[in-house]
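Given these sequences and hints, build the entire structure.
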Amino acid sequence: MLSDKDVQHIATLARIKLTSQEEEKFKKDLSSILDYIETLKRVDTERVAPLYQITGLENALRPDEPRPSFTMDEKLDRLLIGQAPDVRGHFVKVKPVLRK
Amino acid sequence: MADIGHTIESAREGIAAGSFSAREIFDEYRKKIEEKKDLNAYLSTFKFAEHGGGDLAGVPCAIKDNMLIEGEIATAGSKILENYVSAYNATAVKRLKEAGVSFLGKTNMDEFAMGSSTENSAFGMVKNPLDISRVPGGSSGGSAAAVAADLCVFALGSDTGGSIRQPAAFCGVVGLKPTYGRVSRHGLIAMASSLDQIGPITKTVADAASIMNVIAGHDIFDSTTVSQEVLDFTRNLEKDIKGLRVGVPKEFFGGGLNKEVSAKVLASIELLREAGATIHEISLPHTEYALAVYYIVMPSEVSANLARFDGIRYGHSSQKGEALLDTYLASRAEGFGAEPKRRIMLGTYALSSGYYDAYYLKAQKVRALIKKDFDEAFSPSADGVDVIVGPTAPTVAFKAGEKSEDPLAMYLSDIYTVPVNLAGLPAISIPCGMGSESNLPVGFQIIGKLFDEGTVLQVAANLERALT
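Protein chains in written order, with the numbering used here: chain A, 1 to 100; chain B, 1 to 468.
Only true hints are included.
Below are the SDA-like pairs computed for lysine to any residue, each with C-alpha atoms no more than 25 Å apart in a straight line: (1) Lys41(A) with Gly354(B); (2) Lys17(A) with Ile312(B); (3) Lys79(B) with Pro85(A); (4) Lys17(A) with Ala330(B).
Hint data in this document are derived by calculation from the structure and do not stem from the laboratory.
Written out as structure tokens, the structure is:
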């Protein structure tokens, strides 16, 4: 069973502010899912290598040649930068990183 | 089967013969979508656009709302992307466009493709067109419902743990999840990158094969797409299945399987036998661990993929607080629904310092064992089978609200589809009749070897013929 402190710690790492009701609910939900996941402990994996790429690809390399990317025009500008909530010219404005 | 409306073939023929124009069939579908608004299958609809020729010229289709169409909104079923406008086309969308399709609109889905009932959409649940008190399955519930109600000729869905096949089963249509790496994921809003695949939801097996011919293949924008030659997916459809070896895993017929589903699936296996296939009982001993592996691997990847929704560059941005951290905390709190929050939290925990070995590493090891089970079943040197068959889901479509309060019960509806994603294999769900008690469609799943969609489609086409 996760503790209140565990849930708060995970929420901080995940950058989600939870209400106290959500904390309660997720403590219960996550604990029951984690209990279910415990069944994996029964599997002997002593000599098993973990699997990371299912079709066996390792590196997908391409020749190191320059190729055209895309040119910024007004439309792309609007779609890529213009959707930020606060834009100054070509820059996205954010709130201060450090608190006053 | 009831009138299914247009297939790709009939739409194509109708346009070629001049029975209707691309514009007329488009307008007809738009009208139907209006009439069936109550299903909530679509989140947005488009105006008719002129297009060039191509194999699918004028065929009206729908796209799940987690794929990008340039200049159009892509919500992924989430409030956090409610106003997000796509800057480019997903590769699968681009290829359909080049083939000449008409896009009718974007379909409803569980938020960020997280769910098995489409009840997790931030824009309201989708109703199953065959019984509106029931769910259409998920997460591609909008796409499956749209195809089943003939609100499009075909649709694209995405499948991470069953999200194409399970809704196809619940709505009585065909859904194909290709081999991992077969279809580019470029422009698909990522959920779990080692599992996600785009695939077709259609009315017939032949239609699924035709769509694969358009969307499959290597893409420089997705390094996990394979560069091997893509053969014509329709090439085996007319071939019989005499002597083909069909495996039936005993683990797929255990406790949780509903009786009427089991009866229909077993009857379909008999049809395959009558068509000349040989039936072999096989064992996939690690099946019982697949869901536990999935609920570590998937949320871990989710927690990383959804970190980008931070309220800074696009999407919902909270104005609360004074510092940058407040923007993150509040934007994500306000923008995400319960299921994404739950999975982000679970993944964050599994990957957090001190827990990685016990959860993520352990899961990837058991995942290797699950893949090995399939490898052995398919191994030619050990008299292996050509395809593996069984139910798509343990039940027919369930009632709305029945499982929405119990995440684990909901997760169990993907028990036969999840192992396939973990092993990267191609699999199709095709309707195999109506359950004797519920009178609702039952899905039959056919799983193939890596990159062997050809044989999967061959068996599916044979069963489809035997059933009609």
